[in-house]
Each structure stands twice: as structure tokens, then as C-alpha cells.
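All chains should be built: construct the whole structure from the sequences, respecting the hints.
Residue numbers (the UniProt record's numbering), protein chains in the order written: chain A, 1 to 421; chain B, 1 to 421; chain C, 1 to 421; chain D, 1 to 421.
Treat the hints with care, as some may be off.
Which copy is meant is left open, because identical chains are indistinguishable; a pair holds if it fits in one copy or across any two.
[To be verified] Straight line, CA to CA, 25 Å or less: simulated PhoX-like cross-link-like pairs of lysine-lysine:
#	residue 1	residue 2
1	Lys395	Lys47
2	Lys47	Lys406
3	Lys292	Lys276
4	Lys402	Lys292
Quick caveat, the hints were computed from the structure, so don't treat them as lab data.
Below, each chain spelled out in residue letters.
4 protein chains.
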Amino acid sequence: METIFTTERVRPLLVQVREFVQNELIPLEDGFSHNNLSAIIPILDQKREQVKAAGLWGLHLSNEEGGHGLTLCEFGQISEALAHAPFFGHYVFGCQAPDIGNTELLHKFASEELKERYLKPLMAGEIRSCFSMTEPDFAGSNPTRMATLAVREGDDYVINGRKWFTSSADGAAFAVVMAVTNPDAAPHLRASMIIVPTDTPGFKIERNIPVFGEAGEGWFSHAEVTYTDCRVPVSNVIAGEGLGFRLAQERLGPGRVHHCMRWIGNAEKAFDLMCKRAASREIEDGVMLGEKQFIQDFISESRAEIDACRLYVLNTAHMIDTVGVSNVRDAVSAIKFYVANAFLRVLDRAIQVHGALGVTDDTVLSAMYRHERGARIWDGADEVHKQNLASSILKKYGLDIKQKAKELRQFRQMMAAESSL
Amino acid sequence: METIFTTERVRPLLVQVREFVQNELIPLEDGFSHNNLSAIIPILDQKREQVKAAGLWGLHLSNEEGGHGLTLCEFGQISEALAHAPFFGHYVFGCQAPDIGNTELLHKFASEELKERYLKPLMAGEIRSCFSMTEPDFAGSNPTRMATLAVREGDDYVINGRKWFTSSADGAAFAVVMAVTNPDAAPHLRASMIIVPTDTPGFKIERNIPVFGEAGEGWFSHAEVTYTDCRVPVSNVIAGEGLGFRLAQERLGPGRVHHCMRWIGNAEKAFDLMCKRAASREIEDGVMLGEKQFIQDFISESRAEIDACRLYVLNTAHMIDTVGVSNVRDAVSAIKFYVANAFLRVLDRAIQVHGALGVTDDTVLSAMYRHERGARIWDGADEVHKQNLASSILKKYGLDIKQKAKELRQFRQMMAAESSL
Amino acid sequence: METIFTTERVRPLLVQVREFVQNELIPLEDGFSHNNLSAIIPILDQKREQVKAAGLWGLHLSNEEGGHGLTLCEFGQISEALAHAPFFGHYVFGCQAPDIGNTELLHKFASEELKERYLKPLMAGEIRSCFSMTEPDFAGSNPTRMATLAVREGDDYVINGRKWFTSSADGAAFAVVMAVTNPDAAPHLRASMIIVPTDTPGFKIERNIPVFGEAGEGWFSHAEVTYTDCRVPVSNVIAGEGLGFRLAQERLGPGRVHHCMRWIGNAEKAFDLMCKRAASREIEDGVMLGEKQFIQDFISESRAEIDACRLYVLNTAHMIDTVGVSNVRDAVSAIKFYVANAFLRVLDRAIQVHGALGVTDDTVLSAMYRHERGARIWDGADEVHKQNLASSILKKYGLDIKQKAKELRQFRQMMAAESSL
Amino acid sequence: METIFTTERVRPLLVQVREFVQNELIPLEDGFSHNNLSAIIPILDQKREQVKAAGLWGLHLSNEEGGHGLTLCEFGQISEALAHAPFFGHYVFGCQAPDIGNTELLHKFASEELKERYLKPLMAGEIRSCFSMTEPDFAGSNPTRMATLAVREGDDYVINGRKWFTSSADGAAFAVVMAVTNPDAAPHLRASMIIVPTDTPGFKIERNIPVFGEAGEGWFSHAEVTYTDCRVPVSNVIAGEGLGFRLAQERLGPGRVHHCMRWIGNAEKAFDLMCKRAASREIEDGVMLGEKQFIQDFISESRAEIDACRLYVLNTAHMIDTVGVSNVRDAVSAIKFYVANAFLRVLDRAIQVHGALGVTDDTVLSAMYRHERGARIWDGADEVHKQNLASSILKKYGLDIKQKAKELRQFRQMMAAESSL
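This is the structure:
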């Protein structure tokens, strides 16, 4: 169903992108076993040249960066179209995570020098990057608890710490690292984001973490990284010292729309495979799977869920575009958990409809599951978003849960202080 | 969250309507026990005068009918606002079911004579009407199976049959009756819609059906009606003989949007009560219900579901307005079951949050449940819509389920014929 | 499916009970409109005589009380069989709530004098009783918060307070009232259970609370009751002063098994009606509702849920019988929310399968819903049981949540004290 | 919670088994990355010797086979205990699938010669076996549709066909192959089970199928196998020609109990990890994950689901032991889908509670998911079991769905025949 959000500007681009995805990328799935995703990177790199030749590279970029200046809401629709070729689409069009997020971040907040050195080749697809925030020893949903330290020595920071789920670190040219620079400041002003080139002595990829049976490599990987006396110039800080948490917030709004629209495109992919299977798999002589109401239930529920999610995300993106992210924080929280869950339900149904084939790597379904089950965890687990959303809602009803939680933390600290006497 | 669908035309109307609902209707809930809804009708009738005085009567009507000529999408937003006062809002503003549906039907399809006689006083709120389609002996979801007959005798139809769930028949001035006029035609061309004044000899309300413990009366009732040799002029047929099924289809598209937007407004009402309770109910000394994550879960899931549903319905209404209902049949099916289920989940959570109070008639919640549990049943049960939606989707994938079902029916008739030899 | 729990002693009783229910009680449903349950009491009272004549009265009673000395596990199976005739079975066999709970309580804990005066006629079905614990102003799930006071004056208590959901107070001979007798004791030792004859001056039924559209009367009602200077002798206290909370706990273990087994029997009733409808309702020529997989899904899920629930409850009852309720508190919590939810799901499916008929009072389904939606609320809401169960489990893993909550309460009291200075 | 099913005979065995699992197997999980399961086989083979030394080998075997002659219900409890060490337990104790199923099959139905040659070394753990039934081109849930042919030539069968999901074929000594021997017989009498040694010319493992990112090897694998002119003696048929389908049925009853009890043990494992994490993971200073009600909800729901499932399966096993599998087919269908779904829900919650760690292979959780998502598919998908169960139930209500389906098949064949004229 076309939505009200399809502008005249984006409509022809959508046609071009869908055509490219359909003709150039989806055929790559044939016979490809998705248990070793990185095997396909060389072919995807060739496709990138075709995309550039067609003028479709970097559709997320602003006009001055050589893009089309699409709004978040418009690019969201492009992103959905790319996600019809899961794993392939965004990479080939140069707007894959985590690079797209780093691009936006550097574009908005980095110094000219950093832009010249890091942003330019990143936008051109000449290098890749990674984002190093979460630590194994601390719950990722609380960005104010962090052990990685960047201690200032002269004009340098000396960084020590351990990060994990630094996605795509393997082969990246630089990392954006979140580290505590001001340990004595208020919690939300302690950390900074600092660029660390991956050839900096002391930067070490300990391992690509095996995730659901695949450690992966290159872009398709999530590294555990240690920083041991990593020395970088102070000018590598993005925006300024102590602003790490604020930058993280800035990154998250559009980032969640990106994730959500990719999931919606992925969900459409799963839906398409589910319907193809339902229409073509004979289960008894002359009876197709799709004639069974169990399957019809899967299909109808999925259709409704996907369409409702799309409108929810696009309206949220539209509001970000028009009234600013700070006015729609509730919606940004809500779409994150709502879409992630809907997507995983659709995916699960598609797997079920494929029977034994569904659990193999012969279709893209199980790979999607393996790589996206985390959708309900990263960028804030479902539970964290729901708690935040409800707290925000109830505040309007006169119940300030965060204030009470704060008082409680103070009490706990007081108790801890007493008991340590 | 404001949506993209709020036009400049509807925005000031929304403000007025919300104000009226808030100031005039919601206070009526105080101390009102919802186990006898009809007790409040006299008061609502007074409020109607205020609405008329404020120029807000009949917001669903076209300009030439004295309305504001709102699109379906715009009126949907009004309808949601009215539904913040469940049971009261639509009635007071003169756009309550089933009259709104009959108004639309007569406006589009009735002869000038019928309009003059029935539509005009209906629009003015001087009379009420009912719609008599479902029969106790046949599954309502299959409108081609029907036992009520209208036999032509001279210039009259003589109608015999039994209907039920003829909502608001008690006190109505006329019924729109679905009856078989052409039993030998193709199934979809057998029935007609005929106006039967309720003072016609042979029209009898057998009972107001007790629904979830309340038989109700007047507008708040669902009658079982018998038609015994009811004689009405042939000119009482709407649009023409044999068009009953097509009219039913016409009625359903906008009708479903109306239902869905009312449910969304009702859901917002339940949500509001849930949050008020969560913010104000102390469960331990100094601890409010809303501090509990179980409750936060209810609130957050509900917020996301309602907002996604609203956008889904409004986009569907917008498509009906712009490309016509026949191009969005899938969406019309999808919103029906999707929104009904979401609404009932929200309502159930609100009841749970209220504890013992939630099952009483001291709040509007249990009355909403009693009167709206049928949302998943009437106008096509969930299961029927899902089957239709999936069939329509799979047809695009080359599997024609309806065609196979048709062959199967033919086989069954053949078998039945043989076995009866 | 027969279970391992069916002993030789209970098997013949089950046969007799099922036969009686089938032949004498289920026929009463025919043509009975369930929107006025109390209309049937006179007929049920006649059936009671037949039960007594057949030696089946009071199957919950011990041998010395004239019963059969069944274990809780054995009686549970009887209770399920009685619940195949919802609302009728338990009453006719003299083991209806709240009398069964009061019987158990008095039997175990009351003085000989109280037994003679209250228990004897109660067991004989000559009088009815009620249980008055919950207060509208306090969350029922926290029995230590209570405003009703019983002040000792000489040999009397003078009781003042407001209770609600005092089920079956209308027509009862006495109430067991929970009231604070020792306000300065530790929270769990403040309240007592006291017998108050309903003809005591100051005992007033303010109203039978309308619940889901039915205020009811007599046994089928839930009263709001005020106690104004109600004076009863101190000897009316059960077991002893300050033991109210402990008695409540004692009452709850078997009480939950009773509830659960009744719900399972009710669920079987709903299941039976669902299957009958599925097998007999034609939805197209020659096609029965039960041929649709949507309906098959409802039936199969329900079958599995009911059977799993029964085994869970009976095993819990068996453990209560053999190792004592204090050793299976976790299971007692778990069955409460698990069975209540499963039952309500089965019931909802049965309603859905009945279509429009399902929401009427022409079947017992909607009455069951109206009277049992509270199953997830009373005797501890789902959320309370889940919190308690998880806390108990996590304590074995070294996390003492209750202790932390206690510290937190102290902190809050401290803060409150400070802020009031 | 101990259940009523724990006999005096099995109680001491359970103690021994649990101790071994706890002390010898669970420590192997430490630091083991579950993305390459076969790496641990050499260590597990050492543990097997300890098991044999302790007299705990082959606890599923009858007394005459050197086992303990446990009932199915008793062994089910052992199986659950073994599954606390997922992947390790059953293998180390010599009762892993598919060998346990083949053992039962050969024990009951094979000739003495086949027993001597294949069963004996299989029971001793000297060889492994596989079971070759499902074909990629046919829905596995319909065992009467099959393309693999075994054509008799003299005293040999010559077998041709393609199978997949022939689990553990890699390294197996022989396969039990389902093949059509009597193509003209009634559908259920066409196929036979035949032993094919894997060194038979023409037996070829085409690949170990990558499943959720892991192709595996050895015991941990699912092969796609081709049979090309595989020649085996006619005496390799088990039980007799045409009995393949009946043997498959025989295999399935106990097989489903085995699966279910393994899943329940696996679910307990996931539950245990979930609780450990909840009790030890600090999410804010001084606040543990388990203090959050979202997590408490997960824990409580899981506790109830697992305990209800266990009782349901054990009661079913008990009925198989006492009244025979043919009298409890409905329950055997029901536990299959009911337990598989409950297990996967528990597992999903455990993953969620672990956050990012949960999707890695650093815990056993994601490996369990990858290897057991198929639980809802193999041995009959959920949908097939539900359809069968509902059909069986509704037959008692007078609706014979299978008969109608049969008539429909005949019609379709008739139509197909006509259209091919």
C-alpha cells in the first residue's frame, strides 16, 4: 500500500532503487548459503560501482555532500527498499550501519579537519568505520556506567578499556570510541566520543564474537576490542569534551528510524518469501500450503503488522523532520520496540512456513534471524524503552518516576556509604 | 502525537469537539453506573441541543446536507475525539451507528422521495433508524446465505423473516432490511435493501437481546425482530432490486473506518483511565501503581498499539478518499481485525490496572468491554477478514484460493445432488 | 484424558457427580437467559434436596463432619466435575464459595461454641455466609493495609469500616470480617478475623456492586458493606487476636486449588460448547465451522492448555496433601495466575466461535466471562503473584528482593518523616 | 517441584545422573564457544567411559539389554536431567537421538540377525546410526508422499532417492531408510524401513546442511543424502515390507516423549541461566536485573510453563506405559506442539535477559535456539498436530473432517483426471 509519505521527489528514486535491488541484488541470493556472509563482499563491491555509475550512491547524504538532500522520512522509504535485499542492499548503496551513523555524526559535529580526514573517504566508500560504545561488564542500556577511560596527557588522550559489539571493526579504518574523560562531572557529562584510527598502537581486536553460530569477518562481524594505552590527539574528540552522551542521544533518533525502516524492509522480504512458499508448496496432491488457514493467519497478521509499523515509523520520521527529535522522544522509543518485535514475529512465521527449509541457510531467513534477534536488545532493550516511555507518559499524569528513582539512588549510595564505614 | 493527516480544515473543529467532550460529556461519567446505559439518554438529548447551537451537529454530513464536507480521513479524527466519551459522544453529535451508516446509504443511493421522507428527519436527529441484516440461523459473515424473503405482490413487497442484532430497533422509525427478492439469481444478486417503517403491521421486536448481562433499551439495544407478511411499497427498495449485496459492500468500507476510529478513541479513553489510575493509586506506602514495571509494560504497549493503529486507519481513509475504496480493500479488511484486537487488548489492560474496580460498572471500562467485545465478530469476524486478506494477497502470487473454493462448492453440490437421488 | 490422580475412592463419586450434573443441572441451561442468574435459585434449592438424598451433599467435608474425607486433590476433581454446570453445580452440592472457604476456616480454627452456632447450619446449607476483607480504598493485594478497626470495649469489639466485594453478603447470616485489632503490632499481626452476624446493628449492605452489567442479588452478588459501631462479643474472634493475616494465608492455599479446579471445569464447559458449535454450525453449504483451521487452532490450543493446567493444579493439591502448603507456596502462586489466564483464553475462544451468539446471554459463556474476568484480579492479581513467585525463586539464587524492598520502605518512611518536619 | 511420577526406582538414579551432569558435564561449558559443537566430541567420548564405569550407560534400555528396565515415564525424568547439559548429556549417557529411536525400533521389530549386527554395537556406543525419512521435495508432515524407491531385484533392494535432514549421517555406520517398496498398495502400505550401511556403494552424503549458520559435522550435523542404485539384501527390511508407515507411527509416540522431556530439561537449563543472570547482573549501582518486574514476569511465566509441561508429558508417558500409545494419540499430538512452543518461549526470554551476551555463542542459549527452533517443525509441524488433534476431537462431536478431506481428495483426483483428458 502506498502511503501519504511518498513525495514527488522520492517516488522516482524509489523506482530506480527497487529496480536495482530486484535485478542486481536479489539474484545473488540464488544458491548462496548464508552461513558465510562475508564470502559475497567482493561481488557486492562490484555492484557498488554500478550504483555509483547510476548516481544512486549515498542517498542519505545532504546536497552539499553530493547526496539528494532527502528528508529522514524520504530516506526511510529508500532504506526499506534496500532492505528487500537483506545484508546486500545498504552495503551496496553505501549507507550501511555503522558507517551511516558515523557519517551523520561527523557531518554534524566533527571539526573540518576530522571531516576532511575521516568523513570524506567514509562517504566515498573508500574506508569503513566502527562505533565502540558497549562494554561487556556493564549493561549497555545505561550509557552513564562505563569503565573505558581517556586520560589527558599533554595534547593526547591515552585510552584504556574493553569494548564489545564494536560492529564491523574488522577492516575498519577508524573507531569512534566512547570513553570517560571527566570522571568527576555529573554522570551525563563524563564521557566523550573520540576518533581512534585502528592502526593506533594498543588498539586490538581480541576476536570477532561468534553470534548465533557465526563469528563473521570484515563488515559482517562484531568485535571485542581492547584499548591499551591508545594515544590519540585531543583534537580527535568529536564536538567537545563531555559531550559523548549528548552525541549518543543525537545519533539515536535518526538511528532508530534507520533501524526500523531496515527491519520493515526485511520484514517485507520475509513476507514475500512466505507468500511465495505458500503459493507454490504442495502439501497434498493439488493442495497448496497457502490454502491452509494457519498459513493465511500468518500472512494476514504479518501484512497488517508491517503496514501499521511502516506508517508509525514514517510519521515519526516526518515529525523529526518537521518539529525536531526532542519533541517526539516518546515515539522514537515506541517505534524501536514495537517494530523490532513485529519484525521478529513476521520472520518467525516465514521460517515456520518454510518448514525444514526455513531453519537452513539455503534461504536468507535464518541469517536474518541470527543477525537481527538482537534488534530487541541493542540500542536499548525492549524493557528499557518501555520503562522510559511509560515514565514519560506518567509524568504528564503527575507521577515523576525518574525523580523517585533518583531519590532512591541517593538513598542507596547513602546506605552503601554507611555500610562501608 | 499529532499526525500528518490533521488538515487545516479539521484542526479547529477538533479543538471545539474535544472541548465539548471534555467539558460537557466526560463530567456525566461521574457517579454514573454503566449497568443501565439508557438512563442517560434524556440528558444526552439536552446536550444535543447545545451541539446544534454550536454548529457542530452532523459533522459527517456533506456541505449540501448542511455538514462541513469533511473527508472520511478528516471525519475519522472527529470520530476519535467523540469516542473519548464512550457511548455519549457520537450520539450527542448525531453521528451514531447505525444511523450514520443509513444516512450515508440513503444519501448515495435512495430515491429523492425516500430521502425526503426518511433521510431528512434522520439527519436532523428527529427519528432513529436500524439496519436489519443478520439472521440467527446463518453465519453473518456470509451475506449470500439468507432466509428472509421479500415476495413481490403487485406494487408491494411482502416480507417474511427473522433477523437479530438489529441494533437500536427499539424506538427506531424505520429499518433497512436485507431480504431475498430474486432467489434464482446468482448468489450476489439475490438480495435487496428495503425500507420498512417500524409501524408496518407484521414488524415485531421479539426481544432486546441480552448482551453480556444487559438487554438495554432504545438506542442502547440489539433487537431480535420478526417480519411477518410485512407489506411495503416496491418503491421502498434502495437503489434497485438485487443490489443489496453491493450496497452492503459500499456501506462496509467507510463503516469500518468509522468503527476503527471509534475504537481508537475508546482505546484512548481506556488508556487515559489506566494512566490516571497508575499515577494515583497507592499500593504500598509511598509507592504508586505506575512505578511497577508490569503496569509500565501495559502502558507502553498500549501507547504504541494505539498510535500505530490510528495511522493505519487514517492512511486507509486517506486512500479511500483519494483512490477509492475498491483499490484498498485489503487495507479495509486488515484494519478491521487489527484495530479491534488492539483495542480490546488495551481495554483489558486498563481493566486489570483498575483491579476490582475494573470489573464493576463504576467506570466505563466494563461497559466498553461488554458492548465492544463483539468488535472481533460483527462486520466480519477476525477469521473471515484474515482469510479474505490472505486470499487476496496470495492471488498475486498465482494461487487463486477463491476459484478453488468455488470448484469445491460445485463438487459438494454435485455430491449432494447425487446422494439425494 | 484420565490422570494419575484419580484414586479408587474418588472414581465412583466422580461417576455419580457427573451423571447428576449431566442429567439434572445442564438441562436447566436450556432457554435460561444468564443475565439474571438469581432467578434460578429456587430451582437449585430443589435440586439440593436430590443431592442430599443421593448422599452427595458436602463432598468437601471431612468424615467426622459427615463428608467423605476426600483429600484436596480428590475433591479438586469433584469440583471440576461440578463446574461443568457453571454457577449451578457448586451451589447445588453445597460447596459454593465463599461458604466452602468459611467452612474450612471455622472447622480448623473456630471455638466449639462458634462451630455449633455458625458452622453446623452452614454445612447443612441452612444458612449462607460471606467473607469481608477487601476495602475499596486499599489495594486488595496487600492485606496489611486496612482501615477497618475493631476496638475492644469490655467483652465486645466495636467495628467500624467499609468493605467491598463481600461476595454473597446479600442474604447471608453472618460475615467473617477482617479488621485491625492491634494497630501497633507488626504489620502482619495487626488484624483479626471476627464473625459478625448480619443482623448486628450497624451492619449495612450499601449496594450490590454492579459487575459487568449485573448487580445480582442473593448468592449471586458482591456487596459493598459498611460496619458502623457494630458490636460483637470478643469470643467471635476466630483462632485469636492478631491471627487474621495468618488465617488468610491458611485459607488461600486450598482456596486457590478450589478456584483453579472450578476454572478448569468451567473451561471444559466452554470447550464443550465450542466443539458442539464447531461441529454443528454450517457456514457455507455443506461446510461446518470446525473444518476451518482457525477454529481447529482454538480447539487444539484449548485442549492442551486445559489438560496441562489440570495436571499442574492436581499435582499441587497432591503436594499440599502430602507435604503441606508451606512447602509448595511457589506452586500455589503459579497455578493461580497460570490457570486463570488459560481459562479466560479458552473462554474467549469459545465466545469467538459462537459469533454473535457468543456475546449474548443465550449461552452461559458471556455470564462466565462477566463473573470470572476477575479471576486475574482477586486473591492476588496476576502481577502480584508473579512478583512474589519470582522473588521467591531469585532468593535461592542469592538475590533477596523482599529484603531490599523492606529497606526501601524504611527509607521512604524516613524521608516522609523528614519532609513532614 | 517434585512430581507424583517420581518412583522409588528412579529416585536414586536421578540423584546419580544429576550429580554426574553437574560435576562432569556442566563445567565443560566454561569458556566453550558453542559455534563449533563438534569440537567437544573427543572430551564427551572420555566422559562416556566414566558413565559406563558408573553403571549409568544406556538408561533407556530394557533389563535384558543390560539397562534398568525403566518405564517411559521414568526414563523421561532421566532424560530431563541429562538435558540440563544441552548437547552433552544424552550423548555421554548413550541415549542420544537418533540412535535412541533406532535402538527402540530395532529392539522391537528387527530380526535377530539385524539385531546382532546393528543393534548390539549401537547399544554399546561402538557405532552411530541415522534415520533417513524426509525428502526436500515433499512436505515432511505427510509421510505417504515419498519419491525414494526401493525396487526388488532378486534378493536385493535397489534404492534410489534423495533425503535430507538425515541427522548425524556424517560418521554413522548405517542408515534406516524409508523407501517405497509397494507403489501400488494403499498409501499407508507403500513404504518400508530398510537398513543401509553407509559404506554401501551409492550412499553419498551430499553435504551437511548449514542450519542457522552451522553445518556441523559428525553427530552434530544434518545431512542431505543421495541413494544411487544402493543395493542391500532384502533381509535388511525391518519388520516386513509395507510396514514403514506403521513403524514410523510406533517410533513417534515414545519419540515425542523423548523430545519433550529433553526440551523440558533444556528449558530448565535456560531458566537456570536466566535466574543466575537476573540475580547477578547489576544494571544500576546496587540494582540487580532481577529486581525489575519485566524480568520477574519472564521468570514467573517460565516457571509455570515448564512445570505444567513436565506434568503434561509425564502423565502422557504414564498413560503410554499403562494403557498404550494408541489410547493417548491426542495427548501425544498435544504435548508435541505445546511443549515445543513453551520451551522456545522460555529460551527466548533467557536470551533477552542476557542482553548482548545472549546472542553470542559464549552461552549455550543461542546454540540451543539454533538447534531447536526446528522443534516446532520436525516430527510434524505445530499446524499439522493441531489440525490432527482438532479433527480427532471433533469426530467425537459427529464431524468427521478426515472423511470429508478424503472425499475431497477423490474429487480432486477426478478433476485432475478429467482435465488431463
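Going down the list of hints, with the structure as the test:
no. : hint            : result
1   : Lys395 x Lys47  : neither (50 Å within a copy, 33 Å between copies)
2   : Lys47 x Lys406  : neither (52 Å within a copy, 47 Å between copies)
3   : Lys292 x Lys276 : both (14 Å within a copy, 22 Å between copies)
4   : Lys402 x Lys292 : between (49 Å within a copy, 13 Å between copies)
Hint compliance for this structure: hints 1 and 2 are broken, all remaining hints hold.
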